[in-house]
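Taken in sequence, the protein lines are chains A and B. Under the working numbering, the first sequence has 35 at position 35, and the numbering climbs by one with no breaks. Under the working numbering, the second sequence has 229 at position 229, and the numbering climbs by one with no breaks.
Each hint should be verified, as a subset may be incorrect.
No copy labels: a pair is met if it fits in one copy or bridges any two.
List time: in silico DSSO-like cross-link candidates among lysine-lysine, alpha-carbon distance up to 27 angstroms [unchecked claim]:
#1 LYS403 <-> LYS374
#2 LYS391 <-> LYS177
#3 LYS403 <-> LYS37
#4 LYS297 <-> LYS403
#5 LYS356 <-> LYS95
#6 LYS264 <-> LYS178
#7 LYS373 <-> LYS403
#8 LYS12 <-> LYS134
#9 LYS292 <-> LYS37
#10 LYS356 <-> LYS66
#11 LYS37 <-> LYS143
#12 LYS391 <-> LYS264
#13 LYS66 <-> LYS384
The set of hints was computed from the structure by calculation and includes no laboratory data.
Number of protein chains: 2
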Amino acid sequence: MLKTKDTSELLKIKNGTVVSPKGFLAAGVHAGLRYSKNDLGIILSEVPANSAAVYTQSHFQAAPLKVTQESINQAGMLQAIIVNSAVANACTGEKGLQDAYEMRAHCARKFQLAEHHVAVASTGVIGEYLEMEKIRDGIDQLKPSSQNNQAENFGQAILTTDTVMKTSCYELNIDEKKVIIGGAAKGSGMIHPNMGTMLSFITTDAKIDSDSLHTVLKDITNTTFNQITVDGETSTNDMVIVMANGLAENQTLNENHPQWSQFKLGLQKVAEELAKQIAKDGEGATKLIEVKVTGAKTVNEANIVAKKIVGSNLVKTAVYGADANWGRIVGVIGHSDVSLQPELVEIYLEDTCLFKENSPQAYSEETATAALKKEQVNILVHLKNGDASGKAWGCDLTYDYVKINASYRT
Amino acid sequence: MLKTKDTSELLKIKNGTVVSPKGFLAAGVHAGLRYSKNDLGIILSEVPANSAAVYTQSHFQAAPLKVTQESINQAGMLQAIIVNSAVANACTGEKGLQDAYEMRAHCARKFQLAEHHVAVASTGVIGEYLEMEKIRDGIDQLKPSSQNNQAENFGQAILTTDTVMKTSCYELNIDEKKVIIGGAAKGSGMIHPNMGTMLSFITTDAKIDSDSLHTVLKDITNTTFNQITVDGETSTNDMVIVMANGLAENQTLNENHPQWSQFKLGLQKVAEELAKQIAKDGEGATKLIEVKVTGAKTVNEANIVAKKIVGSNLVKTAVYGADANWGRIVGVIGHSDVSLQPELVEIYLEDTCLFKENSPQAYSEETATAALKKEQVNILVHLKNGDASGKAWGCDLTYDYVKINASYRT
């Protein structure tokens with residue numbers, strides 16, 4: 001595995017995956033839910049792992065999320081996550097719920113696990129039923145291993161309109177023990193989570209108590225998965241699960257552990273990288289947009305403004321067209337429900353000031369266009385109204401977004 | 001003028017315009033702010049008219065809105081509205097404000113009006129200054145008349161990316177006097193008003209007191225202009241102005257007048273028709289989408305859900321592709337911040353039930369596709385959680401929306 005130094009204490013593992021932490025295995029197969037691509041996958045831990053999850057805030061929570069919540073609520077531990085793509089098993093009533101239970105039960109039977117140690121996740125079209133015969137046969141075919149090729153099979157099995165797999169992995173040292181955090185995610189459309197995003201699975205061999213794991217997951221979700229948007233939508237199936245199996249044998253992590261903030265940073269990094277990969281792979285996207293807002297009254301207000309800018313169709317199309325039409329950014333800030341003084345607001349594209357003192361600024365169109373033609377476009381807004389800052393990530397809005405979504409089911 | 005009966009008491013005047021009410025004149029010319037189309041227009045009343053306006057809630061209110069507010073606040077009356085397109089005169093600082101004052105002053109000089117009887121409106125690109133020489137010359141060329149061809153010149157002068165003019169006109173009888181209400185509007189992009197929409201001008205010869213006019217304008221705006229969305233944006237220049245010059249000589253209208261509700265309905269009709277025309281002419285749109293929500297706890301909640309559905313990129317692209325992907329509607333309702341019971345929610349496309357009792361319903365794809373291929377697509381949502389209902393209007397999201405907005409300035 002290739003390692004590069006990212007911060008003084010965190011090592012980024014370039015080819016790392018969800019099976020990089022000790023004791024984790026994965027697999028993915030083609031169960032036949034879709035034409036030819038992998039569509040069923042599993043993450044398995046050799047031992048039950050302290051686990052936490054955050055779920056969609058949609059009123060219409062999909063069946064698998066209900067089953068997963070039930071599993072985690074029973075003892076706060078998971079040993080496996082079974083995931084299918086193609087069909088979301090959402091809005092499928094009582095039958096859908098029974099199907100999700102059966103998916104959990106069959107996985108538990110096959111791998112000899114307690115049922116409440118199995119989480120279930122689904123992604124795909126809403127309102128269709130799972131073909132349970134295929135799900136059961138697929139589960140029977142799964143051969144989990146700790147090899148990266150099986151992690152890749154898993155990564156492929158969870159994709160829908162995604163064009164690339166999303167992974168991230170970091171290594172850190174806690175109590176002189178090597179701790180690894182790995183993550184896999186999927187998400188391309190219906191991305192505008194209020195809580196988690198599509199599907200994101202994080203594994204770690206760190207030892208951490210259950211409450212602390214839940215708290216830290218909620219914290220980092222707010223500044224990572226909750227700060228990306230592709231199209232302003234929240235799915236019925238959004239979920240982030242983190243499994244910590246403790247095989248690194250560090251002292252149990254919690255807020256009082258001297259390296260707590262370091263572990264939190266590692267988890268934050270993995271989550272942020274997954275979130276950015278989801279944003280960049282937004283349906284039809286050609287560019288990642290990062291918006292940083294500084295000088296807000298509160299972190300929440302900074303996050304609101306950043307996410308509103310990155311979610312604006314007019315900003316997204318301007319970025320697609322490499323047009324430094326900052327008036328659209330003003331438009332978005334203008335109707336943000338936060339406290340601000342219009343005459344103090346400044347808007348930058350990278351280092352180029354576009355707007356200041358409520359007046360247009362002279363700038364080189366050439367420089368601005370060049371900044372807008374990069375793979376990552378950086379927009380910076382100074383509200384100059386406080387000390388808080390926040391970031392959000394999204395993508396441009398293109399012909400292909402329309403194409404993909406005007407004919408998704410056909 | 002062609003008259004058709006619309007309700008028992010209201011007559012729709014098919015070719016009616018802002019000059020149909022007694023004592024109103026209009027004009028439009030090409031002042032040279034853009035290449036060849038009309039770009040400067042005026043509405044003039046023979047006598048000062050009781051007037052009210054609602055303005056954008058953007059933090060960055062454009063200069064002309066500040067000047068108009070000052071005019072109306074002085075005595076609640078207007079005799080003229082001077083409007084330019086091409087340049088919004090927004091985010092233009094002190095210079096922009098002086099330009100808007102000068103536009104008002106020059107108009108007042110030319111037509112011998114009190115300055116505070118003149119309203120100013122602008123629409124176009126944000127962050128550019130008005131060419132004042134052209135504005136003054138253009139004002140000098142205006143020759144207002146009560147002929148419909150001048151109303152048409154005016155209607156063209158206020159358009160930007162609009163493809164058609166928006167007009168509406170109704171006649172009613174109050175105190176045995178003929179009262180006419182006419183309206184003109186523009187708006188195609190940046191349409192998601194919190195208050196007013198782009199620009200909308202309503203004239204009437206009704207006699208109505210100033211306070212009542214203001215109250216009724218706010219009321220009807222909430223269920224008309226505030227319920228349309230093209231792209232979720234609020235412009236810096238949104239404004240709706242109504243001028244009532246009293247030349248119909250009815251008894252002064254107010255809440256106690258026996259025909260108050262009839263007049264209000266007339267105003268509502270004109271506003272709703274203008275709003276729907278704006279939604280239908282959304283940038284790149286091929287269809288009007290109407291969403292009706294019933295059974296909400298409150299009117300506000302019904303309006304929130306309706307507007308959220310009609311504003312969803314995923315719903316808009318599905319309508320464009322004539323794909324009855326009701327899961328996307330569920331997605332939007334699911335993350336609406338209103339009270340609802342998921343298992344009670346029902347979704348219809350015209351008469352076809354797509355979703356009920358948290359389960360998919362069997363329906364004919366053919367019937368659904370036919371409903372989605374009409375010029376107006378009607379989506380109906382029963383929340384079954386109360387007695388309130390609301391409507392919202394929008395349009396589909398197409399390749400052309402992206403095309404128009406990826407290259408607006410170039």
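Structure-based check of each hint:
1. In the homo-oligomer, the alpha carbons of LYS403 and LYS374 lie at most 27 angstroms apart both inside one protomer (23 angstroms) and across protomers (20 angstroms), since each shortest distance falls under that limit.
2. Neither within a single protomer nor between protomers do LYS391 and LYS177 lie at most 27 angstroms apart by alpha-carbon distance, with minima of 32 angstroms and 60 angstroms respectively.
3. Taking the shortest alpha-carbon separations for LYS403 and LYS37, only the intra-copy value of 21 angstroms comes in at or below 27 angstroms, while the best inter-copy value is 33 angstroms.
4. Taking identical chains as interchangeable, the C-alpha atoms of LYS297 and LYS403 are never at most 27 angstroms apart, the minima being 40 angstroms within one chain and 37 angstroms between chains.
5. Taking the shortest Cα distances, LYS356 and LYS95 sit within 27 angstroms of each other only across copies (14 angstroms), while inside one copy they are farther apart (58 angstroms).
6. Taking the shortest Cα distances, LYS264 and LYS178 sit within 27 angstroms of each other inside one copy (15 angstroms), while across copies they are farther apart (73 angstroms).
7. When the C-alpha separation of LYS373 and LYS403 is checked against a cutoff of 27 angstroms, the pair qualifies both within a copy, at 22 angstroms, and between copies, at 17 angstroms.
8. When the C-alpha separation of LYS12 and LYS134 is checked against a cutoff of 27 angstroms, the pair qualifies neither within a copy, at 38 angstroms, nor between copies, at 60 angstroms.
9. When the C-alpha separation of LYS292 and LYS37 is checked against a cutoff of 27 angstroms, the pair qualifies neither within a copy, at 37 angstroms, nor between copies, at 40 angstroms.
10. Within a single copy, LYS356 and LYS66 get their C-alpha atoms only as close as 49 angstroms, which misses the 27 angstroms cut-off; across copies the closest is 20 angstroms, which meets it.
11. Only within a single protomer do LYS37 and LYS143 lie at most 27 angstroms apart by alpha-carbon distance; the minimum there is 17 angstroms, versus 68 angstroms between protomers.
12. In the homo-oligomer, the alpha carbons of LYS391 and LYS264 lie at most 27 angstroms apart inside one protomer (18 angstroms), although the nearest pairing across protomers, at 46 angstroms, exceeds that limit.
13. For a Cα distance limit of 27 angstroms, the shortest separation of LYS66 from LYS384 across copies, 24 angstroms, qualifies, whereas the shortest one inside one copy, 44 angstroms, does not.
The structure fails to meet hints 2, 4, 8, 9 from the earlier list, while all remaining hints are met.
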